[in-house]
Amino acid sequence: MLSRTLKRALLDSRLPLPPTFLLPWAAGLTTVSHTPEAGNVPPPLIDSAQHVSTDRQAMKSASKQPKSASPAHTAPATAPKLPAPSSTGTSPIALSQSVRDLLPLLQAQGSHYITAHIFDRPYLLTQGDTVRLPFFMKDVAPGDILRLNKASNIGSRDYTLKASAAAPKLKSSTTTTVEVLDPTSGSLASHSRVMPTPSPDSETPSSTAARTMAPHFIPHIAKGKVSYLDDRLFVCRAVVMGVEAEPMRVKEKTKRRQRKVKSVKSKHRYTILKVKEVRIRGVEEIEGGDELD
Amino acid sequence: MATPTTNYFRITLLRSAIGLPKRTSGVLAALGLHKRLRTVYHPVTQTVAGQVFAVKELVDVQEVDRALSKQEMKGLRQPEKGYFVETKAGAVGRENA
Numbered sequence: 000m001l002s003r004t005l006k007r008a009l010l011d012s013r014l015p016l017p018p019t020f021l022l023p024w025a026a027g028l029t030t031v032s033h034t035p036e037a038g039n040v041p042p043p044l045i046d047s048a049q050h051v052s053t054d055r056q057a058m059k060s061a062s063k064q065p066k067s068a069s070p071a072h073t074a075p076a077t078a079p080k081l082p083a084p085s086s087t088g089t090s091p092i093a094l095s096q097s098v099r100d101l102l103p104l105l106q107a108q109g110s111h112y113i114t115a116h117i118f119d120r121p122y123l124l125t126q127g128d129t130v131r132l133p134f135f136m137k138d139v140a141p142g143d144i145l146r147l148n149k150a151s152n153i154g155s156r157d158y159t160l161k162a163s164a165a166a167p168k169l170k171s172s173t174t175t176t177v178e179v180l181d182p183t184s185g186s187l188a189s190h191s192r193v194m195p196t197p198s199p200d201s202e203t204p205s206s207t208a209a210r211t212m213a214p215h216f217i218p219h220i221a222k223g224k225v226s227y228l229d230d231r232l233f234v235c236r237a238v239v240m241g242v243e244a245e246p247m248r249v250k251e252k253t254k255r256r257q258r259k260v261k262s263v264k265s266k267h268r269y270t271i272l273k274v275k276e277v278r279i280r281g282v283e284e285i286e287g288g289d290e291l292d
Numbered sequence: 000m001a002t003p004t005t006n007y008f009r010i011t012l013l014r015s016a017i018g019l020p021k022r023t024s025g026v027l028a029a030l031g032l033h034k035r036l037r038t039v040y041h042p043v044t045q046t047v048a049g050q051v052f053a054v055k056e057l058v059d060v061q062e063v064d065r066a067l068s069k070q071e072m073k074g075l076r077q078p079e080k081g082y083f084v085e086t087k088a089g090a091v092g093r094e095n096a
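Chains as they are written, first to last, in numbering that gives the first Met the number 0: chain A, 0 to 292; chain B, 0 to 96.
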């Protein structure tokens, strides 16, 4: 829960962070780097929800702009609920005017779809769908109700609510470091050169803005990052239907001119979910801040 | 724009040393880079700087002020769950099973 919030925060924040040694290593890990105070503080080790929330608020309000192509933008049970993890951001969500205008229109349309992300993999869902996940979900039993809280899109026939654009692709500072010392006029003394950090209060990144430092450049992970909607905007519930298993398959392992043949059996299991509810919250409900259902 | 205190090199192997002289792969082994896209942290010293310089065409280097441990780097790679269990099955008060 805390880690989820912080990781979400890290993906959005642009503010300097407190020293990493103060923070639990597992909290809020992220691969998207942001402006660290000293220039290279590892993003994972953040604890300042305070810093994060204000910035996220600004980001989220800026991010709710509808796309122009198609008018983009767009909406349970008295069972005792387990304490839910804190939703993204501790400060009240700030909706932009366009979101306020078009959210009721999105809500009014009949059916909605949502692109929910489970372990960062997108699933295009609508109410009544049965999802066979490509993995076995641990620690859940048939009948458990899950709340899916990471979504990149919610839409209806004519409107789509999207999250803000993903953070720009980050480059390592060394790839843009070019320095030529003129021996006649420049100093020959060696010195360490680190890319300047953008100001902490920089707003939504633009393509031409000074690139945010990439303190921990992870090339094979940094690509394909999606930005998510604030989870207070929608409600998406799915119930665990059960677990399905594939037919037993046997892999024969052997080498040439080797008589011994080893058989390895596989029978993977897959969790089945059924989507019970896809709902977009109203503007009053979002801004009211009450998390009832 | 103060120069931050930088204590570590963050070195990532981007290109393989296959086909290069053994000295080069020896340097990479000394740095702890045995596979592509592995990342290691070394303190900023003349020794390490010289090693990096020997393989500068193969690696990406940054100066950071803190070294991440293997567990921390693994945590960076983990995706978020994207769900949480709201109601357990068989909980008291459920209207419909």
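There may be inaccurate statements among the hints.
In silico lysine to any residue, SDA-like type, Cα no more than 20 Å apart, as pairs [stated by the list, open to error]: (1) A:Lys275 - B:Lys80; (2) B:Lys80 - A:Pro121; (3) B:Lys87 - A:Val239; (4) B:Lys87 - A:Pro121; (5) B:Lys80 - A:Pro141.
Derived by calculation from the structure, the hints in this document are not laboratory data.
Computed from a prediction, not measured in an experiment: that's the story for all the values here.
Hints versus structure:
1. A:Lys275 - B:Lys80: 19 Å, holds
2. B:Lys80 - A:Pro121: 12 Å, holds
3. B:Lys87 - A:Val239: 10 Å, holds
4. B:Lys87 - A:Pro121: 24 Å, violated
5. B:Lys80 - A:Pro141: Distance of about 18 Å is within 20 Å: holds.
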